[in-house]
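Residue numbers (this note's numbering), protein chains in the order written: chain A, 1 to 286; chain B, 287 to 938; chain C, 939 to 1093; chain D, 1094 to 1416; chain E, 1417 to 1605.
Treat the hints with caution; some may be incorrect.
Below, in silico cross-link-like pairs of lysine-lysine (PhoX-like), each with a Cα-Cα straight-line distance of 25 Å or less [claimed, not checked]:
1) B:Lys896 / D:Lys1412
2) A:Lys268 / E:Lys1576
3) B:Lys888 / D:Lys1190
4) D:Lys1190 / B:Lys793
5) D:Lys1190 / C:Lys1034
6) E:Lys1576 / A:Lys278
So these bits of chain D aren't anywhere near chain C, every CB distance computed over 12 Å [to be verified]:
7) Glu1119
8) Glu1189
9) Ala1228
10) Asp1247
11) His1326
12) Glu1390
Partial list, derived from the structure: chain B residues whose beta carbon lies under 8 Å from chain D [claimed, not checked]:
13) Thr298
14) Asn299
15) Tyr740
16) Glu877
17) Lys917
18) His923
Worth flagging that the hints you see were computed from the coordinates, not collected in a lab. Every residue gets a Cβ at the ideal spot worked out from N, C-alpha and C, and that includes glycine.
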Amino acid sequence: MLKRVAYYPGCSCEGMAIEYDQSVRALCYVLGIELVGIPDWNCCGSTPSHSYDPLLGAALAGRNLAIARSQGLDVVMTPCPSCLKALKTANQVFRERPSEFLDVLGMPFSGDVRAISVLQLLYEEIGPNLIQKAVKFPFKNKKIVPYYGCLLTRPPAFAQFDDPENPVSMDRLIEAAGAAVPDFPHKTECCGAALGITQRDVVMRLTGRILDMARAVGADALAVACPLCQQNLDLRQDQVNRALKENFNLPVLYITQIIGCALGIDRKTLGIEKLAVKTDALFQSA
Amino acid sequence: MRIGVFICQCGTNIAGTVDTRAVAKKAMEFPDVVFAVDYMYTCSEPGQKEIQDAISSHRLQGVVVAACSPRMHEPTFRRAVKKAGINPYMFEQANIREHCSWIGTDREANTRKAIDMVRMSVEKLRRNQALFSTQVAVNKRVLVIGGGVAGIQAALDCSDGGLEVVMVEREPSIGGKMAKLDKTFPTIDCSSCILGPKMVDVAQKENIRLYAYSEVEAISGYIGNFKVDIRKKATYVDWNACTGCGECTQKCPSKKAFDHFNEGLGATTAINIPFPQAIPKKARIDSDYCRYLTGGKCRVCEKICPVKAIRFDMKDEIVTEEVGAIIVASGYDLFDARVYGEYGGGRYPDVISAMQYERILSASGPYGGHIRRPSDGREPKEIVFISCVGSRDISVDRPYCSGICCMYIAKQAIMTRDHIPDSNCYVSYMDIRAPGKGYDEFIRRAQEEYGVKYIRGRVGRIYPRGDRLVVQGADTLLGVQVEIEADLVVLATGVECSAGARPLAEKLRISYDQHGFYMESHPKLRPVETNTAGVFLAGVCQGPKDIPASVGQGSAAASKVQALFSRDTIETDPQVAHVNENMCIGCGKCEQVCPFGAIRMKTLRDGSRKSEVLETVCQGCGLCNATCPNKAIQLRHSTDDQILAEINTLFD
Amino acid sequence: MSSKSDAKQEREIKIVGFLCNWCSYGGADTAGVCRFRQPTDLRIIRIPCTGRIDPLMIVKSLIQGADGVLVSGCHPNDCHYAVGNFYARRRMEVLKRFLPYMGFQSDRFRYTWVSASEGQIWQQVVTDFSETIHRLGPNPGLHQTVDSAPAVSWF
Amino acid sequence: MDDKTNALREHVKGIFSNLELVLGWEPGYDPLHTRPFYVRTESDIDRLTANCLSFQNLTRYLAKSMNAVDPAADGRKIGVCVKGCDSRSLVALIQEKFVSRDRVYVIGLPCRGTLDARRIRALVPDPARIRSVNAEGDELVVETDRGISRFALDRAIARKCLQCRYPNPVIHDVLIGDPVTPRLKIDAENPSVAAVEALSLEDRLLFWENQLDRCIRCFACRNACPLCVCQNHCIMETRMPKWITQYRNMNEKFMFHMIHALHLAGRCTECGECERVCPVGIPVALIKEKINAIIYEMLDYESGIDPEAVPPLLTFSPKETGI
Amino acid sequence: MQRPHVLQIQKTCDQEFIKRVERESGQQVSKCYQCGNCGASCGYTFDFDFPVNQIMRLVQLGQKETVLGSRSIWLCANCQACTTRCPCNIEVARVMEALRIMSVAEGVVSKKNILLFYDEFLELVRRYGRVFETGLVARYNIKALKPFTDADLGPQVLMKGKLALKPHKIKGLKAIEEIFKRFESHRGK
């Protein structure tokens, strides 16, 4: 089991997804995983850098991996799937176009620092069994549906994690936290991603579809593992209601918050109050 | 030696990129060559005559033809020179077409290469020896592996021709996939009505010996004289005694056994007869489910059986049969659609395979011929068929077209509309492949008369909504996404090689392609033969095909066997190993490595050990030759001196 | 190994190919039938099986001056004679590892498995091997006299 | 007279009545040699000698002796003296069924190394004056007309002995003397092979060409090899098939040694006889040592250890991959 | 982008374009046999001017102008559904990415606001080393002349203390600037 990983929060975790950052740190502390900060990390370049050439994003992300390596760490964990993709792409571009990549990066790079998501860390390194044993306050009689989004498992050859069509890692973790997990067909349907600002109508429609299905399967809440998904589903839920003349009222929690709560970590520490949709009902026993 | 060299132009096939005239001219300079010429089509009748004339006018003792691949025409030319009085092994063929003219356009380089190739052939020929075949008796019995429609046809044809047939079938009953079908395209006639009588024939013919629930364990020998070990798997029922009355199946308390015949829809009893028309109609105990065999208590069937046929202590048994030829009709498997996660990966009970649907349609099937959903037994109204599931899909390593799915989907859609007139059928397809007689008309009927909606586009995803399934696809003709709320989704699963195809091929020493389908000897001209003499192919084991084609190939294989058996003896290939006793030191390494047991050691009168080749058993692989330290054993027609001469002449 | 190669610089590269009759020879035929373009350096010797290969044939070819030697047979498990290629691959692998010890460039010898249906793979194999040999240049052969040689001490 | 020779004679005396004959060594024509000796009568036993000069691998004569013996002769065994390396040759011959284990009585002699005549001559300025040589522990005592001098044994023994991994016979019916600690571990790298491999590819070719250029194809190496079982039917001497010609050039010399080496692939037991007998000093065994190393690395096989094993190039494993 | 009325294939087929797309995406577009699975799986098909399979088709036919000027390539959110399900093992999303890059290079971007958003994002990265959402949204809104985008969300997130009002400057800004510079000079080549 990994005991010590480099931690790359990503820019959202300093802002809109600050509660994700809080809950990841709190949960890892409780589970005994040491998160080593990457000194002076920079933005991975995310999707925008790829509009010019994957090389730019790869170099931006690569700098963080190189710093982690210089700290003697060989695994970088990030909560954000978009950052995860950028970090993995850096390794990929290094393999495919090493000389160009090194030219742009301008620092030593070994290509052997593995990037994993917090979900992967929880599922593969700690495992649902261990978490289940540690649970103190299980979500009894609650239905929580997992929403994985696009990038955590796709494309399979790149992600090397879980199943691309029917991922189950979050299902198992939610079950470990004591909640029921109904079959959720839209686990990996896209929520609209970064188009929220530029193409809001598209995002309303896609997000609406996901919320609609979650409601149809009787969910009390959604679990997510991505800042952007969370933002689209939670923060924009009100916008969706207005745009689609709906009245969704589904809390959307980070998987780390759900497990954190079940483990008995203080809700404030986990940043639950920072969520847009009220979560009170979820914590009332039925 | 007086050698004649003939350079074939093969029209422009060779002459287009090789200066055949120059090759012939150069060949005249090679040692022993007394005649050389190029010719338009050497393999043609006049071309062969040209060779024969030259043999007599130039008193040739050996002939080199530079033309196409010897795998193509070596037999032709050997026959031709033999007619002119030369031993057929005093002939060599240089492959200047497939290995030269067709693979490069640089005329000069090709010509230089062709000259080298002719030179190598001449040098080899100079060291050839006249070889003579011997005759061995043919055992006129034939083994048919597989009792599907192709195997049945082959067996019946052989039997009609008066041959003794041994049939081995892996399952408890013959009939294969066809026995499971409800109807057949494009005539919609009843599958079991046309297959049933043939199955009964197999059981009744006195010259067919059927081993059902048996598998081929090992094969040795060679054309005319194969020895086959057959594993009779334990059925726990003495089939000589069992009358197939079915009493036991009524009383068996273990009623949850997997129903293979019904593709897992519904269940059967631990002791069962797979289906009413089964041949042989005998009961078998499924040891995975039998209470006595798994838990040590029960033995109800034993008490009930009126003829006391139950044998709980039965073990697998090996029997040996001797045959002269083998027809392989080992069939196929259907693709397991569970690898498609986007279609539910087997999680949704109302997403079924086409073969399951076939059983649902069948009057002898699990629902008595009424179309129902496996999940809740409701009659479906909206039915979606998805084609190319495990066909034409590189991502699941099935790039080939299965060839039958388009047709059986149309059949099933028509049947559905017949059974449930107020239903709607949709077919998601990429292309429609219907090249058979009456096939395309059949597809048109589905659309025109039966109103089946064909939607061109592959389905992206299936997910449940309520108790229905949402099929999310595309209509590429319109350029839009399509959503259909379906009650039942039928996946047209493709054809793949059967799970045991590769190990069986290794026992038979035949080759298979990258997908496990058996390789025929020539894709066009020898579609039934394999490269192992005496082994023939029939049915889908060779490649996807429909019933008419399988039956046709079954008959073709049978006629090949009949032709083989029309003679009492066959000629052996004289290209076998031979021991020079003066050199042999009796170390026995050749005997140790021979894959065929074709070498044995003998002791001469002076007490020295020598090895000896059994020429009819030797297959001519040359492993002994390569192993022998002082090359006392030589493979005829591929001797060390011949190979060394070919090497040396390149670098003189 | 350059002293006498000047005169031979211009000569045509020749690669000796030992192909088993059942798979690779057929594969080369298939490649021809499909008109897959290939370099012309290869001179194919048809043998019944790679099991027929005595590694010394490869050595002989190299000593005689072959620029490359390519052996190709049925894929393991697909041997027409069931096991011939299993013997062959051991023997050839030993040789492949042994050649450089004697001062031969082991890249001049390659063995591979190509079936009768794999015309395209055959094209790749031939093209790739031919490129390798062209990169190495003509086989200069053995020196017939040795003026000075490195000493090796093991005592 | 040293202890080992005494012990050997004593032992043979004790069992000779049960044996047809015994293959051993006797003193040679000068103090630097012994020669193979067939003990046929009781009185021959006192000529037996066993010391650091017992170079010859007597198993070489065994196959022949077995044939020569009248099969009717009461089933008495043939005794043979073997050093560690010789015993491996014996195992290989048993594997290949040239010798039947039941027919031989194996007298094992643990060995600290045999002397290399060339090296002694290099040590002693005037070898003609040598009266006797004797190994005492790790020292070699050389007695000349002018007195006694002592050298480290390692300076005088053969190359193969310096890298010996099997000084003690791997099979034997009796062991004369105490077991000796091997100089190299079984999986240790062969230092002489490593020395050749340290050269560049081009230099390696030059090195071998330079060595093999001296070859006069006298066949001494072949004749001394216990595993060159073809002997008079050797491929080097036949014209059908014509693997090799009588031309005297580098190609043929090289080919000759490649044939010799590859025929011993997976069989050579590194007794070093080929190298010892070479009149022009070619390190013939060094070629085969590399092949042995390859086979050990590739297939984890050592020749002449297990009488039941099948030599690796006479068998196969369908499962092996990476080959 | 307008659908061409008549496809004058000889006139508009750009062979170089096909090769460039294949080189830059690392995908062989001729493998596509138009099954439509990408279009069926894509969440954005309803908003595309050409469904993904038609984009692939247009690339196969070398219709550079139509493709690079399409909305579709910019509305693609890189969700990888097409790549995951392609039966021909084509990484369709990488083709779309290559097309976006080419449309920027050719200056024919149809959805200028999306590119603007991306540019503003990168500008922040360059200036501060990290991105902060307040700055990003504000700058985008001003330049896109859509001052009130997501203004409704503002108070909510502010109250919860989720938005940093001023940027966090990293220490290694010089290194970031150099990466950008080297990248630009590399792209210039």
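We went through each hint and held it up to the structure:
For the hint pairing Lys896 of chain B with Lys1412 of chain D, the CA-to-CA distance comes to about 33 Å; that exceeds 25 Å, so the pair is violated. The hinted pair formed by Lys268 of chain A and Lys1576 of chain E meets the criterion: a straight-line CA distance of about 12 Å does not exceed 25 Å. Straight-line distance between C-alpha atoms of Lys888 of chain B and Lys1190 of chain D comes to about 14 Å, which keeps the hinted pair within the 25 Å bound. Distance restraint check for Lys1190 of chain D and Lys793 of chain B: the Cα-Cα separation of roughly 31 Å exceeds the 25 Å cut-off, and the hinted pair is therefore not satisfied.
Distance check on the hinted pair: Lys1190 of chain D and Lys1034 of chain C sit about 30 Å apart at the alpha-carbon level, beyond 25 Å; violated. A distance of roughly 13 Å separates the Cα atoms of Lys1576 of chain E and Lys278 of chain A; the hinted pair therefore holds under the 25 Å criterion. Its beta-carbon lying about 29 Å from the closest one in chain C, Glu1119 of chain D satisfies the requirement of being farther than 12 Å from that chain. With a least CB separation of 17 Å from chain C, Glu1189 of chain D remains clear of the 12 Å interface cut-off, as annotated.
With 12 Å as the threshold on Cβ separation, the claim that Ala1228 of chain D sits away from chain C holds: the shortest Cβ distance comes to roughly 17 Å. For Asp1247 of chain D, the shortest C-beta to C-beta distance to chain C comes to about 8 Å, within the 12 Å cut-off, and the non-interface label is violated. With a cut of 12 Å on Cβ distances, His1326 of chain D stays outside the contact zone with chain C, its closest approach being about 17 Å. The Cβ of Glu1390 of chain D sits about 8 Å from the closest Cβ of chain C, inside the 12 Å cut-off, so the non-interface label is violated.
Proximity of Thr298 of chain B to chain D is violated relative to the hint, the smallest CB-CB distance being about 41 Å (cut-off 8 Å). Hint status for Asn299 of chain B: violated, given a least beta-carbon distance of 36 Å to chain D, over 8 Å. This hint is violated: Tyr740 of chain B has a C-beta 47 Å from the nearest C-beta of chain D, more than the 8 Å allowed. Because the beta carbon of Glu877 of chain B sits about 10 Å from the nearest beta carbon in chain D, more than 8 Å, this interface hint is broken.
Interface hint status for Lys917 of chain B: upheld, as the beta-carbon distance to the closest one in chain D is roughly 5 Å, under 8 Å. Here the hint on His923 of chain B is broken, as its CB sits about 14 Å from the closest CB of chain D, past 8 Å.
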